[in-house]
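Residue numbers (this note's numbering), protein chains in the order written: chain A, 1 to 121; chain B, 122 to 354.
Keep in mind the hints are simulated off the structure, nothing from the lab.
Hints are supplied without guarantee of correctness; some may be wrong.
The following label-pair restraints were derived from C-beta to C-beta distances [as the list claims (entries may be wrong)]:
| # | chain 1 | residue 1 | chain 2 | residue 2 | range |
| --- | --- | --- | --- | --- | --- |
| 1 | A | Asp54 | B | Arg124 | 42 to 52 Å |
| 2 | B | Gly264 | A | Leu28 | 26 to 36 Å |
| 3 | A | Ile70 | B | Arg124 | 32 to 42 Å |
| 4 | A | Pro57 | B | Leu230 | 25 to 35 Å |
| 5 | A | Ala96 | B | Leu212 | 22 to 32 Å |
Facing chain B, from chain A, some residues (calculated, C-beta under 7 Å) [unchecked claim]:
| # | residue |
| --- | --- |
| 6 | Gly8 |
| 7 | Ala10 |
| 8 | Trp20 |
| 9 | Leu28 |
| 10 | Asp59 |
| 11 | Ala64 |
| 12 | Leu67 |
| 13 | Ala76 |
| 14 | Leu79 |
Take a look, some chain A residues computed to stay more than 10 Å from chain B by CB distance [stated by the list, open to error]:
| # | residue |
| --- | --- |
| 15 | Leu29 |
| 16 | Ile33 |
| 17 | Phe35 |
| 18 | Asn36 |
| 19 | Phe43 |
| 20 | Asp54 |
| 21 | Gly55 |
| 22 | Leu65 |
Since the structure is predicted, the reported quantities are computational estimates derived from the model, not experimental observations.
Backbone N, C-alpha and C define an ideal beta-carbon position, used for all residues, glycine too.
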Amino acid sequence: MSPAFLYGGAGILLFALGLWSFLVHEPLLRKLIGFNIMGSGVFHLFIAIAHRGDGLPPDPVPHALVLTGIVVAVSATALALALNSRLEAADANASASAHQTHGRGADEHADDAKRRRWPTR
Amino acid sequence: MNRDLSLLIGILVSLFAVLLLWIVYITLSAETGPRLATLALEQLPESGVSHPVTAVLLNYRAYDTLLELAVLLAALLGIWSLGPAPAGFQLAGPALAVMARWIVPLAILTGGYLLWVGGHAPGGAFQAGALLGSAGVILRLAGHPRAGLPSEEAQRWLVVAGVGVFVLIGLLLAALGYGFLTYPKAGAKWLILLIETAATLAIGATLAAAYVGGRPLGAAPPSTPTPTEDARA
Numbered sequence: 001m002s003p004a005f006l007y008g009g010a011g012i013l014l015f016a017l018g019l020w021s022f023l024v025h026e027p028l029l030r031k032l033i034g035f036n037i038m039g040s041g042v043f044h045l046f047i048a049i050a051h052r053g054d055g056l057p058p059d060p061v062p063h064a065l066v067l068t069g070i071v072v073a074v075s076a077t078a079l080a081l082a083l084n085s086r087l088e089a090a091d092a093n094a095s096a097s098a099h100q101t102h103g104r105g106a107d108e109h110a111d112d113a114k115r116r117r118w119p120t121r
Numbered sequence: 122m123n124r125d126l127s128l129l130i131g132i133l134v135s136l137f138a139v140l141l142l143w144i145v146y147i148t149l150s151a152e153t154g155p156r157l158a159t160l161a162l163e164q165l166p167e168s169g170v171s172h173p174v175t176a177v178l179l180n181y182r183a184y185d186t187l188l189e190l191a192v193l194l195a196a197l198l199g200i201w202s203l204g205p206a207p208a209g210f211q212l213a214g215p216a217l218a219v220m221a222r223w224i225v226p227l228a229i230l231t232g233g234y235l236l237w238v239g240g241h242a243p244g245g246a247f248q249a250g251a252l253l254g255s256a257g258v259i260l261r262l263a264g265h266p267r268a269g270l271p272s273e274e275a276q277r278w279l280v281v282a283g284v285g286v287f288v289l290i291g292l293l294l295a296a297l298g299y300g301f302l303t304y305p306k307a308g309a310k311w312l313i314l315l316i317e318t319a320a321t322l323a324i325g326a327t328l329a330a331a332y333v334g335g336r337p338l339g340a341a342p343p344s345t346p347t348p349t350e351d352a353r354a
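All chains should be built: construct the whole structure from the sequences, respecting the hints.
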């Protein structure tokens, strides 16, 4: 059991945990967190693969890929978070206006919206 | 989603993970064939920098880095197109304000150091840009509505600076007959440093602007109040 396999294996575990969370949880925010954990697992694995044995300098190519990958992942996460917050604002707004016009039925609509986003378990 | 389904997904994902672990294990225990590392380290004296990761980023795989910067820009344009930024937080308490006053200049200074040191040691545009971006995040948390960034027009110039300088240098080199982003050995160091400086500013500004989360406040074009704006108010 080499240290590289230990590191890479930890990356795969992170990837699997993130994938499971991404598939199972319904709220977008939790999916996004799961997706980021998957990404971290991939970065972990890349760093492990860069190891070329003791005494040799690590392979710089995977290191460079991880470096740019981190910044791209952060910016993509920012875009997803911005979309999510606009979506929530639009949702809240839609249920509020439905409440004003339809009275009783709108409550159910708001409940539906809430259930879609934050399912009770 | 019901319990059985999430259990089933859990089992399938576990099996997938075991398969991946097995593949990685046999890959790592096999004899390593020819790797890019040998080539990368061999060509290092020709690249203009002495740190292999920077050489990969700015020289061998410069196309890749150029497109990464374009991805950053596209993400920020997406965020800006969603509407104006939400209002900033309240002004910081005394402790946070003093911390911001110390941390932000230190982060900028360290960013400049990382940018310079990237030529021969771990560091470079992405690390320096990340530090600048985090300085912006701290400023925004401490109550600065624009996260320390300049006016909207200046921000637009800043965020395209990385891609712009990169492409201009590439085109200039192509016009001089070297080929797109193929540096002549004599000037490689300074061209890389110029690109990295622009990229650092662009990455820092982009990350800070992305954290602000919308089109810059202030001189925004006149917009009719949309439902979403009402909801936030």
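- [ ] Using the Cβ atoms, figure out if A/Pro57 sits within 25 to 35 Å of B/Leu230.
- [x] holds, 29 Å
Task: Distal placement of A/Phe35 relative to chain B, Cβ over 10 Å - done: Since the minimum Cβ distance to chain B is about 14 Å, A/Phe35 lies beyond 10 Å and the statement holds.
TODO: Return holds or violated for the Cβ distance of A/Asp54 and B/Arg124 against the range 42 to 52 Å.
DONE: This hint holds: roughly 47 Å between Cβ atoms.
Task: Least C-beta distance between A/Ile33 and chain B, which was stated to exceed 10 Å - done: holds, 16 Å
Task: Minimum beta-carbon distance criterion (7 Å), A/Leu67 to chain B - done: Holds, about 5 Å.
Open item on the list: Interface hint check: A/Ala10, Cβ to nearest Cβ on chain B, cutoff 7 Å. Holds or violated?
Closed with: Violated. Min distance 10 Å.
- [ ] Double-check A/Gly8 for me: the hint is only fine if its C-beta lies closer than 7 Å to a C-beta in chain B.
- [x] holds, 5 Å
Task: Hint check for B/Arg124 and A/Ile70 - Cβ pair distance inside 32 to 42 Å - done: holds, 35 Å
Open item on the list: Does the beta carbon distance between B/Gly264 and A/Leu28 stay inside 26 to 36 Å, or does it fall outside?
Closed with: For B/Gly264 and A/Leu28 the Cβ distance comes to about 28 Å; the hint holds.
Task: Status of A/Leu65, Cβ more than 10 Å from any chain B Cβ - done: violated, 8 Å
Task: Cut-off 7 Å, beta-carbon criterion: hint that A/Trp20 touches chain B - done: At about 5 Å, which falls below the 7 Å cut-off, the nearest Cβ of chain B leaves the hint on A/Trp20 intact, so it holds.
Open item on the list: Hint validation: A/Leu28 versus chain B, beta carbon distance must be below 7 Å. Holds or violated?
Closed with: violated, 14 Å
Of the hints listed earlier, those the structure fails to meet are numbers 7, 9, 22, in rising order.
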